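2 protein chains.
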Amino acid sequence: MKKITLLEAKSLLLKNDNFHILTHRYPDGDTIGCAFALCYALRDMGKKANVIINGKLPTKFSYLAENYADQNFLEQYVVSVDVADVKLLGEYKEEYENRIDLCLDHHASNCVEAENVLVDSSCAAACEIIHELIKAMGVEITKDIANALYTGVSTDTGCFCYSNTTASTHRIAAELMESGCEFYKINRINFETKTRAKLKMERMVYDTMEFYCSGKCAIIYTTIAMQNALNAGDDEMEGLASIPRQIEGVKIGITMREKEDGTFKVSVRTNDGINACEFCSRFGGGGHVAASGCSIKGDLQSVKYMLIKAAEEVL
Amino acid sequence: MKKITLLEAKSLLLKNDNFHILTHRYPDGDTIGCAFALCYALRDMGKKANVIINGKLPTKFSYLAENYADQNFLEQYVVSVDVADVKLLGEYKEEYENRIDLCLDHHASNCVEAENVLVDSSCAAACEIIHELIKAMGVEITKDIANALYTGVSTDTGCFCYSNTTASTHRIAAELMESGCEFYKINRINFETKTRAKLKMERMVYDTMEFYCSGKCAIIYTTIAMQNALNAGDDEMEGLASIPRQIEGVKIGITMREKEDGTFKVSVRTNDGINACEFCSRFGGGGHVAASGCSIKGDLQSVKYMLIKAAEEVL
Numbered sequence: 001m002k003k004i005t006l007l008e009a010k011s012l013l014l015k016n017d018n019f020h021i022l023t024h025r026y027p028d029g030d031t032i033g034c035a036f037a038l039c040y041a042l043r044d045m046g047k048k049a050n051v052i053i054n055g056k057l058p059t060k061f062s063y064l065a066e067n068y069a070d071q072n073f074l075e076q077y078v079v080s081v082d083v084a085d086v087k088l089l090g091e092y093k094e095e096y097e098n099r100i101d102l103c104l105d106h107h108a109s110n111c112v113e114a115e116n117v118l119v120d121s122s123c124a125a126a127c128e129i130i131h132e133l134i135k136a137m138g139v140e141i142t143k144d145i146a147n148a149l150y151t152g153v154s155t156d157t158g159c160f161c162y163s164n165t166t167a168s169t170h171r172i173a174a175e176l177m178e179s180g181c182e183f184y185k186i187n188r189i190n191f192e193t194k195t196r197a198k199l200k201m202e203r204m205v206y207d208t209m210e211f212y213c214s215g216k217c218a219i220i221y222t223t224i225a226m227q228n229a230l231n232a233g234d235d236e237m238e239g240l241a242s243i244p245r246q247i248e249g250v251k252i253g254i255t256m257r258e259k260e261d262g263t264f265k266v267s268v269r270t271n272d273g274i275n276a277c278e279f280c281s282r283f284g285g286g287g288h289v290a291a292s293g294c295s296i297k298g299d300l301q302s303v304k305y306m307l308i309k310a311a312e313e314v315l
Numbered sequence: 001m002k003k004i005t006l007l008e009a010k011s012l013l014l015k016n017d018n019f020h021i022l023t024h025r026y027p028d029g030d031t032i033g034c035a036f037a038l039c040y041a042l043r044d045m046g047k048k049a050n051v052i053i054n055g056k057l058p059t060k061f062s063y064l065a066e067n068y069a070d071q072n073f074l075e076q077y078v079v080s081v082d083v084a085d086v087k088l089l090g091e092y093k094e095e096y097e098n099r100i101d102l103c104l105d106h107h108a109s110n111c112v113e114a115e116n117v118l119v120d121s122s123c124a125a126a127c128e129i130i131h132e133l134i135k136a137m138g139v140e141i142t143k144d145i146a147n148a149l150y151t152g153v154s155t156d157t158g159c160f161c162y163s164n165t166t167a168s169t170h171r172i173a174a175e176l177m178e179s180g181c182e183f184y185k186i187n188r189i190n191f192e193t194k195t196r197a198k199l200k201m202e203r204m205v206y207d208t209m210e211f212y213c214s215g216k217c218a219i220i221y222t223t224i225a226m227q228n229a230l231n232a233g234d235d236e237m238e239g240l241a242s243i244p245r246q247i248e249g250v251k252i253g254i255t256m257r258e259k260e261d262g263t264f265k266v267s268v269r270t271n272d273g274i275n276a277c278e279f280c281s282r283f284g285g286g287g288h289v290a291a292s293g294c295s296i297k298g299d300l301q302s303v304k305y306m307l308i309k310a311a312e313e314v315l
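Here the protein sequences line up with chains A and B, keeping their order.
For the first sequence, the numbering used here gives the first residue as 1, with consecutive numbering after it.
For the second sequence, the numbering used here gives the first residue as 1, with consecutive numbering after it.
To be clear, the hints were calculated from the coordinates, so they are not data collected in a lab.
A hint or two may mislead.
Claimed, not checked - Cross-link-like lysine to aspartate or glutamate pairs, in silico, EDC-like; alpha carbons within 20 Å at most:
hint: 1; chain 1: B; residue 1: K216; chain 2: B; residue 2: D261
hint: 2; chain 1: B; residue 1: K200; chain 2: A; residue 2: E248
hint: 3; chain 1: B; residue 1: K194; chain 2: A; residue 2: E192
hint: 4; chain 1: A; residue 1: K185; chain 2: B; residue 2: E248
hint: 5; chain 1: A; residue 1: K185; chain 2: B; residue 2: E182
hint: 6; chain 1: B; residue 1: K251; chain 2: A; residue 2: E182
hint: 7; chain 1: B; residue 1: K200; chain 2: A; residue 2: E182
Note that this is a predicted model, so its numbers are computed, not measured.
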């Protein structure tokens, strides 16, 4: 495992070919945006590259794949983007965990044992790193690349709202807009559009909201039964994690989502410097200081109890 | 009435003193941000200036006035900021409508008959104009000024989400962050914090939502009775206007708010290039292409019927 610089990463990308670009499970806008932006850039240089989507491409991101089709080649170089831990490779873990040539990420908690690792936790989104890399490689930022990078930068910062946003994030957004990214189409899809089913799901979730630690901790949950009742897919579930932290006085906002495998996918959002990554690491998870996640096995009440107890200890 | 350039506006501000800075009624982040930023800048130059707040300063914006106190002087020069129409001077209309020396605004629909008028409708927020002016005057962007300008830029663009956002908007945000603006504190207040009362109000409003024009028009309303039931003030009411447009397929989102004077304050938000300003001008209102407003006298049902009929004609 070798920590490398941006210029070293650039040289590795320039001198290699036939890329597989790995994304993390439950793919979000940043990992997907990184993968398509890098893939399009490599292809624009005449190289062969494919995006390995971890699970299904969320339909909301389908605009990123409009000009994408898998290529036929023998994979020679494996790059992971926005993947903090090989566990997050999910179904691809066994196949790739010991074969990652280059790991590009922005998670301070990154622990991927790749051949080469470039982690810049000062970046709000991993797409900021990919943006620098593509510019360093001398590839023109096309509209497709700009759309992919803007998707990652905007979704990982809650549209430039979260504390991780930097002046550099805004300058990158400005450049991407000048490169023709369809920022408003993308913002509407990611921040402004609710299906009626999602609206129903939100209202159902509000009914589950409970407050603990004298209002400093808010917790909501969704069950498979609730999802079935509304016939809600991932699109309807997405974004719910931001709800509890929004309530005035809440320092730890917890969202529990029941999964088919008997676990709960837990999302934790924090305010006022409370460390969400530390909180989730108690349960084998991780992520960012203000936004992290973990998976816990158990039934609704027992998992909820574990989380509330942890919140009481932290607060 | 003379249309002037930014440099001419700069000279007027430099050579005059004892300023009254007028804001529009139902003051929002842009008019308030413009007024405090300009006021602080003029004071930093040793001039006397006061902000004339139109109504009550929304408590959420109190952070902008932390270092502000009215000064004692005889007003000599009147500047209006983000005021598109003297009607919007509300209680100050009679006193000032014929005495505005300089009108600074970004509304294409601006019709203020001031001595000098600078309107730049390419700016997402009037604060972008104030930012250029303050830099042109050679005044340092202090933290207070940066906070005020960031408040206007971020609130008028829905935190850089709306279609009016430009590359220049992002670059200004980057500069303001480097000038020390407390962007996350401001974003949390304006975009991420809901009081429990506001949460209750939102849920009550969702119950009023109706769809017309085969789902292309969504309309919600609040009544004084609803406000009283939740003891909801302006802070709870604010932001409701963005709800109906968020629903998938909605091209015209209408929010009706019953006022004590027997009128409804109507907010119209549009998608897909439908002109909200044109829509509201039918009722004597105006604003921006995608976000406008008007006031209509009448009871709930008749006002709602007028609006739906107008929507049917437009769609």
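For this session: Starting from the hint list further up, note which numbers the structure goes against and sort them upward.
Result: When the structure is compared with the hints, numbers 1, 5, 7 turn out to be violated.
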